[in-house]
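**Student:** Please put together the full structure from these sequences, using the hints given.
From first to last, the protein sequence lines are chains A, P and Z. The working numbering puts the first sequence at residues 942 to 1202. The working numbering puts the second sequence at residues 13 to 301. The working numbering puts the third sequence at residues 100 to 458.
These aren't lab readings, by the way, just hints derived from the structure by calculation. Here the structure is a predicted model, which means the values were calculated and not measured. Yeah, the Cβ is synthetic: ideal placement off N, Cα and C, and Gly gets one too. One or more hints might be untrue.
[Unchecked claim] Only part of the chain Z face toward chain A is listed, based on derived beta-carbon distances under 8 Å:
| hint | residue |
| --- | --- |
| 1 | 115 |
| 2 | 151 |
| 3 | 200 |
| 4 | 348 |
| 5 | 354 |
| 6 | 360 |
| 7 | 361 |
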Amino acid sequence: MLKAQNITVSLGKSEILHDVSFEAKPAQLTAIVGPNGSGKTTLLRAMTGDAEYSGTVELNGHDIKTARAWELASERAVLPQATPLAFPFTVLEVVRLGLNSGVTADKGGLVMRALRRVGLAGFEGRFYQELSGGEQQRVQLARVLSQVWEPVTDDTPRWLFLDEPVSALDIGHQLQVMQIAKDYADAGGGVVAVMHDLNLTAMFADSIALISEGRVLRQAAPEAVLQDELLSRAYQCSVRVNTPPADGTYLLPHAASFAAE
Amino acid sequence: MTRLHPLFLLQVVTSLAIFLFIATTAWANEKPSRIVSIGGSITEIIYALGEEDRLVARDTTSNHPSVATALPDVGYIRRLSPEGLLSVNPDLIIAREGAGPLETMELMREAEIDLAEIPHGFTAKDVALKITSVADALGVPDKGAALADKVTAEIETAHASVGEGAPKRVLFVLSIAGGNITAAGDNTEAGAIIEMAGGVNALKGVEGYKQMSPEAVATSNPDVILVMDRGGDHGISLEGIKAHPALSTTPAAMNDALVKLDGMLILGFSVRTGEAVASLSQALATVGE
Amino acid sequence: MSLALQDNIGVTTVAGDRTRRARQLTWFLALLLAGGMLLSLAVGASGTSLWSGVFDLVTGQDLALRDKVVLLDIRLPRTLMGVLVGAALAVSGAVMQGLFRNPLADPGLVGVSAGAGLGAIIAIVLGGLLPAVVTDKLGYYLVPVAAFAGSWASTLVLYRVATRKGRTSVATMLLAGIALGAIAGAISGLLVYKADDAQLRTLTFWGMGSLAGATWTKLLAATPLIVAALAVSPFLARGLNGLALGEAAASHMGISVQLTKNVSILMVAAATGAAVAVSGGIGFVGLVVPHLLRLMVGPDHKYLLLNSALLGAALLLVADVISRIVIAPAELPIGIVTATLGGPFFLWILLRQRGLLDM
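**Tutor:** Structure (structure tokens):
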């Protein structure tokens, strides 16, 4: 269980999050969506301990403020938006850094399994700095996966925090990465992802928190959040939600009438 | 064990023989015969005493007389390397006061090499003391006393012949590199030789060789500028002085009163100091007239 | 066919895994260092032979006094000093580069050595003003300790100025380094102006960078700081590896970033301070050695730090041997040798690596 209560974050004089509460359950993919500058990445950064906040964040029942770095690292891994690397590491070496957290040993070639999982088998000898942005993002995902490879250990769920995990990817790899996240949740782990693309969110999320101007407008199941009126209010443009008849997923074609209101 | 025995014995015998050889040679030769001279003025004195055959090495500053440069150079007077010194296998090191570093001198003592430290000063008396100290270290005190008397007399004669009239203000300029002037203040060889030659050091109240502000240089108001002659076109030229903003306004620059003299001659405070005083006082009397 | 067989033998090695090569290199560098130490003990201006000296010692005979001084009081402390200083400079460079996440960070380039130098100069010139209780207690340690304080203060200032929100700006770092160097130089200049003749002599000798002044006393004074710093450095490897991904990612991986930073700064300050105090400014070792090793076996600090220590020590010994034989019986300052060898070599690396250095 991930529980964030009464989170307020200020940057300088301006308050970015106002008394926000948020919850994510294990075995679910929880998405945080909202327009640019709404505070969704800030909320994630508060919950990973990267941003100063007031309020409490509990992960698996303990306060992350008092937990030690290595204890947290054994329970959750974080994928940042972009990770520039200082030195010429090979792909294999970057992924192996995930193991270095000291709580996982490379049993059964975890590094290679993680690389195969993200579709980068054969890339292990390449230099990270020479890869494309999308490939780098997937290498980082492999590193993060290798840090918390087993979704559940000793009946305790482990967590993936993903900050816009598909931002640099083409549609094929977007689906692949979202499927990896979904599989992790299906196996009992918790996944919290900041998402930009509402269509992908609709396809994969079990729960969605919609944020606007530093407040959570609603956190609920996708069909309860993805509604015309609510989305239009949050994104300040007219949005219409369509439901295709067959498989029950939601599709949100980009609205043609931006200038309507 | 038994197979090692003869070899071991041989080693003992040879080293014993070597030891005896060294011991006897050291005993027989009471005067040191392998001498390293550290300091240009020391080397000059050794040559003047006619004891140069006993020299095996010298330091970088020892370049007069020019035959001395044929000797191996053990490095700069203040950066002597211990193993470099030991490599010429000396039995005596005669060094000017201030030679170093301390660590090297410490190691020489440890290696039981005799070390004669020669005091250094800026008066006729100091020159005489320097000469007798070097001669004592060489074991030729009589020769030393004679040379000291001769040099003292030369200095006195030169000093006595200094011309009448108001003394000239003399500025010794060590360098004008990059437009920065380094000049001699109180307690310097240059200041002392200027006074001995009947001049007045234009830069008073400053200790040692110091970089001066242009204004301080201009207000020092020198009648004569004294520089070291580095031979040929090297060193500071009259054009260089006239082109320098602070120096160009001084009486010395306007009257073309520049004196160039050999650095080792005027700053050495050694056997040629009488000659130095004479040359400088003569130059002061005639320059810019 | 034979190629395929060889591939099968090396089956544990995966592409992109340079662990094995790094370990092999460690053995090679250890041998190189041993060779360098022998060379440093065997070569010198005097004709003293290491072998006959060792033979005499082993067979229990007394050495001739002069040979004893050359071998035991000149070459041996000098060799050990070369090992310590070389290792200290190279490991400081590697740690600093890891901390700043930049291959151009070097104690010599960014003003840390200048800070150490200022500390040493203050100790030399103003040491006499301290109460006798302090000077008596510290004795020979006064200069190394002051140099350590100077390098620690400048590293701290540098880090505070150049790092904002966990990101280190390279341009700010280099500029701050230049400013720090200028400030240290200015204060040093002022003190030099105030120094008397004897102090000036110490300063001049000290400033040029040399191992020639190595004595047992100096060695004893520098050893505790350098050995402590080197002993701590392996524990920084994981933290510095994590920092290569940025401070946030490092802390997500369970690394206590602040501890890593604090220990790194203290380690660099101690090693650089002590090295500068006893040997003056010796440049390029901290820059070239880690860079070369990263090219050969990768940036993993687990191997980089140990290999840097070995290669730095070996290179400095070789440079020192060159410095003593080139113009024997006189000596070149070793700083000139390392700059002459290291400068062009580093330019060559930069030319080859232009693409990879851009970030």
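**Student:** Take the hints in turn and mark each one as holding or not.
**Tutor:** Cross-check of the supplied hints:
no.: 1; hint: 115; in the structure: holds, 3 Å
no.: 2; hint: 151; in the structure: violated, 48 Å
no.: 3; hint: 200; in the structure: holds, 4 Å
no.: 4; hint: 348; in the structure: holds, 6 Å
no.: 5; hint: 354; in the structure: holds, 6 Å
no.: 6; hint: 360; in the structure: violated, 13 Å
no.: 7; hint: 361; in the structure: violated, 14 Å
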